[in-house]
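**Student:** Each chain, written out:
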Amino acid sequence: MKVLKWIIGLILFATFFFFNFLIYEGALLLKLINVILFSSLLVLIRVILGPTAADRIVAVDILGILIIGLTALLSIYYSESFFIDVGLIWALLSLIATLAFSKVLEGRQLDD
Amino acid sequence: MTDTIGIILICLGVAFDFFGVLGLIRLPDVYNRLQAATKCVTFGSMGILLGVIVMQGFTSFGFKAIIGILFIVLAAPTAAHAVSRAAHRSGIPLAKISIVDKYEEDKELKTESVQKEIEV
Amino acid sequence: METKTKSRIIVFVFALVVWFALTDIKDYQEALIGIAISMLISFLTGHFLIANVASQHLIKRTFHFLLYIIRFIWEMIIANLEVAYLVIHPMLPIKPGIVKIKTKLTKDSAITVLANSITLTPGTLTVDINRNKGELYIHWINVKSKDIDQATKEIGERFEKTLTEVYE
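Protein chains in written order, with my numbering: chain A, 4 to 115; chain B, 43 to 162; chain C, 14 to 181.
Certain hints may be false.
Claimed, not checked - In silico lysine-lysine, DSBU-like type, Cα no more than 35 Å apart, as pairs: (1) C/Lys108 - C/Lys39; (2) C/Lys174 - A/Lys106; (3) C/Lys159 - B/Lys138; (4) C/Lys120 - C/Lys108; (5) C/Lys39 - A/Lys106; (6) B/Lys138 - C/Lys108.
Said to hold, decoys possible - To be clear about the criterion: a stretch of chain C counts as covered by chain B if any three or more of its residues have a C-beta under 8 Å from a C-beta of chain B, and this derived list gives those stretches: (7) 29-39; (8) 101-111; (9) 131-141; (10) 150-164.
Derived by calculation from the structure, the hints in this document are not laboratory data.
C-beta atoms are modelled at their ideal positions from N, C-alpha and C, and glycine is treated no differently.
Whenever a hint applies, use it, and build me the whole structure from the sequences.
**Tutor:** What follows is the structure in structure tokens.
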């Protein structure tokens, strides 16, 4: 079972890196953006698989921090500074959502 | 010159982001996942924003990136702390390979003190 | 001068600086709006920032704070290399557990900074704080000792010395 998981994962990563860095012809920044989008996909796998609620909360929180990096790369690529604003607001909302979810998980009231 | 340094920092940041997400996938329980993911993804996003600052200089562009770094450094550990405490209090166990759990041993004592606080 | 007023003035100046840095000012209207908004912010939330203004040893404390930041960045780089090594390793050589450490810090802000920097440094994550006893519960990814004194020496003392100089 463990070996099977290893083989699936290695094939997935190898395919992605092969297509991204050898086949795809774009600027370096676009390739890096693709890596972050692939990481977001992996985070979504954890959201779907995660055995407990806490795993899903962690994954959503991490997605919020990844998005800041993604928007920073986009803003460099397009030379527009307002993308970083989008990332900041996204991370702020994700922090508030994480705190609220963890309070609910703990079984306390939200105004505690 | 600054462009090269910035691109190197951004590449390092993306690599650490990827390692953090890999840890989120591979490690066995919530607490370990939280450790790897919080550290690596925070450091990676900080690296990307630092690269943005180096490439753009101290314009309004770079200043937004500085605010982003401060925000990440303050927010990520707080969220990690809240989630781990909530997970432990709602009864999610540690992975089987764990060797010690002092928090579980002190739990009865802790619930009493919490009830006392609520009464006051 | 009262502490609250001092705190409000500091918040006003800070908000104004942030406004001027974020907007490329082109005419006087934007500057006026910035001043108005900064006054509103400092009036509404200014008194939360500083509870008591301690003006003694300000230069020494700032120096120690800079020292602390350098130390923190170094530990953070080490932490990330360690976690990257763990994640790539095929066998996942981890030995996790929750241990307890002691701290001598008493102020809220000092304990918060200590807990946050423990979370961002090698292999450790703050789970809970018992403020009455001055104890922290730490999830450690690679437990080296279960003993409370030994764990304190391994985890807490890296930052505690500098933080004591900064806050007390």
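**Student:** So, for every hint listed, does it hold in this structure?
**Tutor:** Do the hints match the structure? See the list:
1. Under the criterion of a C-alpha separation no larger than 35 Å, the hint pairing C/Lys108 with C/Lys39 is inconsistent with the structure, at around 59 Å.
2. Taken as a hint, the C/Lys174 and A/Lys106 pair is honoured in the structure, with Cα atoms around 33 Å apart against an allowance of 35 Å.
3. Between C/Lys159 and B/Lys138 the alpha-carbon distance is near 17 Å, which keeps this suggested pair within the 35 Å criterion.
4. Distance restraint check for C/Lys120 and C/Lys108: the Cα-Cα separation of roughly 33 Å lies within the 35 Å cut-off, and the hinted pair is therefore satisfied.
5. Taking the CA atoms of C/Lys39 and A/Lys106, the gap is near 45 Å; set against the 35 Å cutoff, the hint is violated.
6. At roughly 10 Å between alpha-carbon atoms, B/Lys138 and C/Lys108 fall within 35 Å of each other, so this suggested pair holds.
7. With a threshold of 8 Å between beta carbons, the proposed coverage of the segment 29-39 of chain C by chain B holds, since 5 of its residues qualify and at least three are required.
8. Counting residues of the segment 101-111 of chain C whose C-beta lies closer than 8 Å to any C-beta of chain B gives 7; at least three are required, and the coverage claim holds.
9. Counting residues of the segment 131-141 of chain C whose CB lies closer than 8 Å to any CB of chain B gives 8, which reaches the minimum of 3, so the coverage claim holds.
10. With 5 residues having a Cβ less than 8 Å from any Cβ of chain B, the segment 150-164 of chain C passes the three-residue criterion, so the hint holds.
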